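Those protein sequences? They're chains C and W, same order as listed. All residue numbers for the first sequence refer to my numbering, where the first residue is 1 and numbers rise by one. All residue numbers for the second sequence refer to my numbering, where the first residue is 1 and numbers rise by one.
Treat each hint with caution, since some may be false.
Stated by the list, open to error - Covered stretches of chain W (in silico footprint by chain C; criterion: 3 or more residues with CB under 8 Å from a CB of chain C, positions within the stretch not fixed):
no.: 1; stretch: 61-68
no.: 2; stretch: 89-100
no.: 3; stretch: 138-146
no.: 4; stretch: 156-170
no.: 5; stretch: 215-228
Derived by calculation from the structure, the hints in this document are not laboratory data. Please read all numbers here as calculations on a predicted model, not as lab measurements. Virtual Cβ for every residue (Gly too), placed ideally from N, Cα, C.
The chain contents come next:
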Amino acid sequence: MTPDAAGISPNVTREHGLTLLREMLRIRRFEEKCAELYSAGKIRGFLHLYIGEEAVAVGAMQALAPEDAVVATYREHGHALARGISADRLMAEMYGKHEGCSRGRGGSMHVFDADTRFYGGNAIVGGGLPVAVGLALADRMQNRRRVTACFFGDGAVAEGEFHESLNLAVLWKLPVLFLCENNLYAMGTRIERAQSQVDLCEKARSYRMPAEPVDGMDVVACEAAARRIAERVRGGEGPAFIEFQTYRFRAHSMFDAELYRDKSEVDAWKPRDPILTFTTALEASGNATDDQLAALNRTVADEIATAVQFAEAGTWEPVEDLLKDVYTR
Amino acid sequence: MTITYREAIRTAVREALTRDSRVFLMGEDVGRYGGAYAVSKGLLAEFGPERIRDTPLSESAFVGAGIGAALAGMRPIVEVMTVNFSLLALDQIVNNAATIRHMSGGQFSIPVVIRMATGAGRQLAAQHAHSLEGWYAHIPGLRIVAPATLEDARGMLWTALEDPDPVLIFEHQVLYNMEGQLAEHAGAVDIDRAAVRRDGTDVSLITYGGSLGKTLQAAEALAGDGISAEVVDLRTLRPLDMPVILSSVTKTRRAVIVDEGWKSGSLAAEISARLVEQAFYELDAPIARVCSAEVPIPYPKHLEDAAVPQPAGIVAAARQTLGRRG
Chain C
1 MTPDAAGISP
11 NVTREHGLTL
21 LREMLRIRRF
31 EEKCAELYSA
41 GKIRGFLHLY
51 IGEEAVAVGA
61 MQALAPEDAV
71 VATYREHGHA
81 LARGISADRL
91 MAEMYGKHEG
101 CSRGRGGSMH
111 VFDADTRFYG
121 GNAIVGGGLP
131 VAVGLALADR
141 MQNRRRVTAC
151 FFGDGAVAEG
161 EFHESLNLAV
171 LWKLPVLFLC
181 ENNLYAMGTR
191 IERAQSQVDL
201 CEKARSYRMP
211 AEPVDGMDVV
221 ACEAAARRIA
231 ERVRGGEGPA
241 FIEFQTYRFR
251 AHSMFDAELY
261 RDKSEVDAWK
271 PRDPILTFTT
281 ALEASGNATD
291 DQLAALNRTV
301 ADEIATAVQF
311 AEAGTWEPVE
321 DLLKDVYTR
Chain W
1 MTITYREAIR
11 TAVREALTRD
21 SRVFLMGEDV
31 GRYGGAYAVS
41 KGLLAEFGPE
51 RIRDTPLSES
61 AFVGAGIGAA
71 LAGMRPIVEV
81 MTVNFSLLAL
91 DQIVNNAATI
101 RHMSGGQFSI
111 PVVIRMATGA
121 GRQLAAQHAH
131 SLEGWYAHIP
141 GLRIVAPATL
151 EDARGMLWTA
161 LEDPDPVLIF
171 EHQVLYNMEG
181 QLAEHAGAVD
191 IDRAAVRRDG
201 TDVSLITYGG
211 SLGKTLQAAE
221 ALAGDGISAE
231 VVDLRTLRPL
241 DMPVILSSVT
251 KTRRAVIVDE
261 GWKSGSLAAE
271 ISARLVEQAF
281 YELDAPIARV
291 CSAEVPIPYP
301 KHLEDAAVPQ
311 PAGIVAAARQ
321 TLGRRG
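Can you make the complete structure from the sequences, with help from the hints?
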């Protein structure tokens, strides 16, 4: 990456630039609030923060149409917000409230939403890939021009389900966009300790799937790659693979003491913070004034505050409904 | 008409493909090869490779693909060659198919049907002959059925496809060649209820799948000895049809459960526990279980036969509940 890689490109209008920034800020502030609420005991279970990786979800999501499908991981708050699930319903889900997007049953790791075709929130690493293949298979069999965007991390690449799914998707020429978020760590295991081949694109190419790496800290680059590649997938050329090279600033989960990496490594990545670099680029190119940025921050802060109020005011599903929806009938 | 169990399933698959354009079949060697147990023989020529899909040996991917396709409006029939192979797809079946409806607050349902062969009896040894349907019956969110008759082989599939939730169909491998009469107009049957296959008054023999035939033979032998055995075919392993089981046991006051799974932690254990919980005071004798010996199923015929329930063992267990020895 060049130092100015995050610079706003000629193809990005001022308005769109501000939209991208706002979307990343929504995720950042939402998750910072979640960390606070976790400490306060309002959110329980496992909480995996996406902080540092926001450019990937925001950039990639620009390439999707409403009728497309999304399959994500257990680190999916960013994908959910960028896909259009409201902060209110997502926060209520974090609380486990009935008004949550999964009716409170899933929590942080299991976000579902039929309206935006958001099929999880899958907390089994690699488990979402076969499902994404099936969603795309249905589209192909029904002659629908839809794309299924499947997010997963570098950890999933070591799973058998990754290899089975890529092979099947190529064999059947299915419209799946495989979006690998390589943040270098599978929980605490650095990629060199887990992968005999650390060039993840090579693995996709070995299945004869087009693959390319993208700077995952650069929202404009993420969007450009996703749009270009998604159109090929939508056009019936078969699946494709993008490796977003990114970094997780926070611990794996709230229980992680981060014994496996030096603070200096995290600090070295901090200047590449996608929000920081993109804000700087917008300012430097005269696309955002201090006033505009302040207004943007206020809007986002308000949205998150409202979401917390919404979640606080939410209700608990009655215990009598415990067994509801195990089966349809 | 005279028909085999295999042909009855094939007829059901063909009917489903004909009636509903959302239905397709996928699995290992279901197309050109005609199916490991020849169930889908001829269907590729009839319906083409889009709807009769050969898959690579990737159980997790193609079972998961069935789940995904069902989520997106299709009605997939996924064939897994044997229950032993389905363990490679356990993640998809247990973590996704069984959970997504509840975990999504009822937003998504998964109308997938997964068929697989189960059971011993063809000298295929320990990696092709186990009866693991009891494991699956442990999982809330799944519906588990075991057709033991031609009518059920013919009729359960359509009902399973119409069900909005995942249904696993277990076809005992010794049944595929079973031949008998099936009405021309035979069609869909329920997948909720147990069936009494033989009326009796002295003891209830409760079984399913590949053990039904052996249990009926045992009942016949018992009749020769003056013992009137009732035979209950569970048909559906989850949820269990307790009213039919309880009504039979309440009548006969004795129960023998015949289950090709291993006894420890088995479906037979579950039924026994429920009978103790719900019908303890109706029982005149301890519940008996005839299950597989606690070994991996061996290859040689004499050991395989010794490992799984046989009519003689069922007869002996039934006699014991009546206080008769030998």
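Indices of hints not satisfied (ascending):
Failing hint: just 5.
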